[in-house]
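Dock chain L against chain H, hints included.
If you want the building blocks of each chain, they are given just below.
There are 2 protein chains.
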Amino acid sequence: MSAAAKSGHPTSAMSAADLAAVLVDGYLRFDFDDPKSPANDRLVFSKGHASTLLYAIYRAAGVVSEEDILEYRTLGSMLEGHPTPAIPWVDVATGSLGQGLPIGVGMALAAKHLERLPSRVWVLCGDSEMAEGSMWEAFEHAAHFGLDNLTAIIDVNRLGQRGETMVGWDLETYVARAEAFGWSAIALDGHDLDAIDAALAQATSTSGRPTVLVARTTKGKGVAAVENVNGYHGKPLDDADAAIAELGGVTDIRIEVAKPDAAVSEEPARGTLELPRYELGTEVATRKAYGDALAALGAARPDVVALDGEVSNSTFAETFAKAHPERYFEMYIAEQQLVAAAVGLQAVGWRPFASTFAAFLSRAYDFVRMAAISRATFSLCGSHAGVSIGEDGPSQMALEDIASLRAIHGSTVLHPCDANQTAKLVAAMAETEGISYLRTLRPATPVLYSPDEEFAIGGCRVLRSSESDEVTLIGAGITVHEALKAADVLAQEDIAARVIDLYSIKPIDGETLRVAAEATAGRLVTVEDHWPEGGVGDAVLAALAEMDEPPHLIKLAVRELPKSGKPEELLARAGIDAEHIAAAARQLVAKSAQTA
Amino acid sequence: MSAAAKSGHPTSAMSAADLAAVLVDGYLRFDFDDPKSPANDRLVFSKGHASTLLYAIYRAAGVVSEEDILEYRTLGSMLEGHPTPAIPWVDVATGSLGQGLPIGVGMALAAKHLERLPSRVWVLCGDSEMAEGSMWEAFEHAAHFGLDNLTAIIDVNRLGQRGETMVGWDLETYVARAEAFGWSAIALDGHDLDAIDAALAQATSTSGRPTVLVARTTKGKGVAAVENVNGYHGKPLDDADAAIAELGGVTDIRIEVAKPDAAVSEEPARGTLELPRYELGTEVATRKAYGDALAALGAARPDVVALDGEVSNSTFAETFAKAHPERYFEMYIAEQQLVAAAVGLQAVGWRPFASTFAAFLSRAYDFVRMAAISRATFSLCGSHAGVSIGEDGPSQMALEDIASLRAIHGSTVLHPCDANQTAKLVAAMAETEGISYLRTLRPATPVLYSPDEEFAIGGCRVLRSSESDEVTLIGAGITVHEALKAADVLAQEDIAARVIDLYSIKPIDGETLRVAAEATAGRLVTVEDHWPEGGVGDAVLAALAEMDEPPHLIKLAVRELPKSGKPEELLARAGIDAEHIAAAARQLVAKSAQTA
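Those protein sequence lines, which keep their order, are chains H and L. With our numbering, the residue at position 136 of the first sequence is 610, and numbering never jumps. With our numbering, the residue at position 26 of the second sequence is 500, and numbering never jumps.
Next up, chain H with everything else stripped away, as it sits in the complex (with noise of 0.2 Å):
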């Protein structure tokens, strides 16, 4: 295959071949016919760039033919260089280290703690890997969890793409880690079949803790001139003719790979969704209302689990394990073990829901920017948002999230400003195909919307508007409540504001927008508690971009490195609370004046 598309990892998958060999030929079930099914055992090729080792399965299970596996890496194959979800047989995409195992954790918990099956997850890790933090995340999480039901093979060829690792072939460093973060752990020479075949067997029959298999391989396994050499990684082989001769010439090998045991359960029904009721005129927090709409999810919809990063009474998802605590899993303080569990809860049909002070999403962003490759659809809570939470300072305050969010692949961003709002819009996410992410506040703030509006993905709202518009102020989350200050006092002064809660970052409400800047004379002014980059600001001029009058827009955001202080002294110091809104407003209307 390597040979064929001139690049690929051929001696990564060659150290793997007989632990792979024989998990398949005798411990895999796995139904190709039915790759959906729960009833599945799970297998995840941590080491991505291995990814002709899983087609050549793929070819022993009779489910791809000799063409395609020789169309690797050409475009328009499923068979990508690191393993996607195109594959229908792949749940997830690796080919970052280091997220395959966490995301198997992901898949054990939900067979051993929400669907109680007999279902196994068998996660293949290269040892160059094994240096990622989140690896340990995951042996120390699947330990706490009791995952019994995962099996890691760590590959141990001890190359990496440039050299030795740090432990090379000291196989008892890996057991001794593995073992003080709770796991069982078998050492062994990973090209002896009975040893492998003793210790998959070994891993099957441990109960009440996950197993690892240390295995020491050989990179390059069977051909002289790449085995154990450095140099040959992510390299096809010179001569792969010859290598295959070496090997023992074209070989046509079929394996039966077994099926489960189907007996899946049907579908719980899903019941009437009845959101939290706040009054208007009131002040809750956005978080707390997430809290409450969570909750009422998991009551409606019984494939709805939670996940949060032990900070669950600051983001309100402890109301959700509260009310629903058998689908709640604490994923302490592990961010990316927090968004990988996600990520395998939702491969394996559940509809996760995680959550973490904003700020520190940016930890999981490599999983976040890999979900989007696997397909993923889940959901993220950020909480916590730019300079109103005040005291804590700039370390716990998210001011790059909405970039960092809006740039992954067909994500959703949604920054609602009040309770209500915040209800609906998490049900409407949990309807929404894709990663979507919903930033909330930390103080309370006004309900200024009825229970009874209806908020759709994509839309916005205009809280202000007359004929006589001369400008249009748009914000979103906090920044709504000044605009609408700032409206009242332009209003004093005769300037009529049209004022647009932009709740829908990504899609955009691009339409409504152009009608606002048509109406007020392309006079924009934006205002987000974020940094000037990729946010609120950007996204409105993307959205007008292309009209035949593109606005004059006043960008207003956070520019200098916030401190501590109170939430309103740290919105003015910003430049983004009401009388700066005001004074961007006086500014384009005058202009124009001027102009005119």
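The hints are all genuine.
Identical copies go unnamed one by one, so any copy, or any two together, can satisfy a pair.
In the PhoX-like style, the derived pairs of lysine-lysine whose C-alpha atoms are separated by at most 20 Å in a straight line are: (1) LYS709 to LYS480; (2) LYS709 to LYS1040; (3) LYS959 to LYS1040; (4) LYS695 to LYS709; (5) LYS480 to LYS1040; (6) LYS762 to LYS709.
Quick caveat, the hints were computed from the structure, so don't treat them as lab data.
Below, chain L alone, put in the same frame as chain H:
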């Protein structure tokens, strides 16, 4: 302090107070009058929320007043909710857990392997943050590098924000884990002053490996109402006066913090920078030019150090490693530790360049975010940007890096298209404050610029220009070459196109863009090998938003999930090749013609 501020984490400080007192009184060597001296020990509060303890140390050392202390968390006080370098004795911001120890590894690397100074690094860690994988990256790397000058102190108070940790008071589990990762580990009672003294003495006399104190402590120690009681995290005490009385009444303890032996060597002289030179018309990958230029920079500047995440033969950091092995650190596949080490190295006066695939920098995004709050100055290089990498597929393609790294406070984002330009930008980065990011390409690209041309950060280059230009094409990196081809095609149709190489995306050359927009009737096409959100197109829109006549902009970007394929196939499929650029330009010109 917390009572006065009405917020803060007093119970998290109380658990570690005895540990800190013995450390500061007997072991820390720090000259408060010369805090940046490399002879100083470094003290890092990885559990940054225990800031009141750190500030109490400052009070005991006599460097802040009673009045300062009582302004904790108020706007304008340097004593913020979590420590930042606004305080002269703080090297790095903490408050996102799991970062202090990996940053301490960087500081200890400098002292041990670069400066060969007897200074030590002390890191106070929370037990909750031991769930962060980044802590285990730090454990592995510290042992790998033999950092016996590093001591971690884990304040095992058992209780996190919301409840008990996974490990609780099981000190032996922490000890086993630390030992399996190669550390010397000492379990002790964290309130037994003699035991603390003995453990710290043992840490200072252990050679060849780092030491961790695993200290059993009581959260809220000393105040019965909150001692070891869940639910008091992040809350001021209910009755501070009673608590103070219970703790022995108001005292005014002074300690004399020992100063280090000075004996700092002179900074070595800088040499003349001799950048690599590439011949016009040849083809050289910008990633290769990065390595060449970095090696040249290393020869001229003895403070430059390089780090890479086990892909130095792809990023070409290996060129530096071969030229200056004593200033190169292999960080293996642990991107969080990679960036954290850079933060630690720069905090003690070095000038780090850290590289990996641009896609995998997303793994360290929270570390970059926090580094900006640390006012850190260092450079990142991300190779293998965009779909132009080809066959490896989407997991290896950075398509969100411009957006995410633009949204870092004070960052610089550069994306060269040719080798000579890359070399000049590497040199410029080394003179640039803050976090600078260089995005490089996998494929070789034509050398467009003479080695004598200069490229300033914040500039751009007009590659084609005439008085009859009807449209402006703006690219960066690989798309500059596509834009040039598109201009050739358009020229054959008598459409003159201005072509701009926007190699500096942040800061951006708004003036040149404005001139181009005015010269070409506001017709702009931006083209980027990146998602549409937050990249080149959005940066251009933002730069021109306040023009009197904002431009009409068509933004070409990657909108569908890419696949494996040949680079040119993928550029075409994404709609960012010459053909699509020419089509967009024609559309803009035709539209204006219609309107006219």
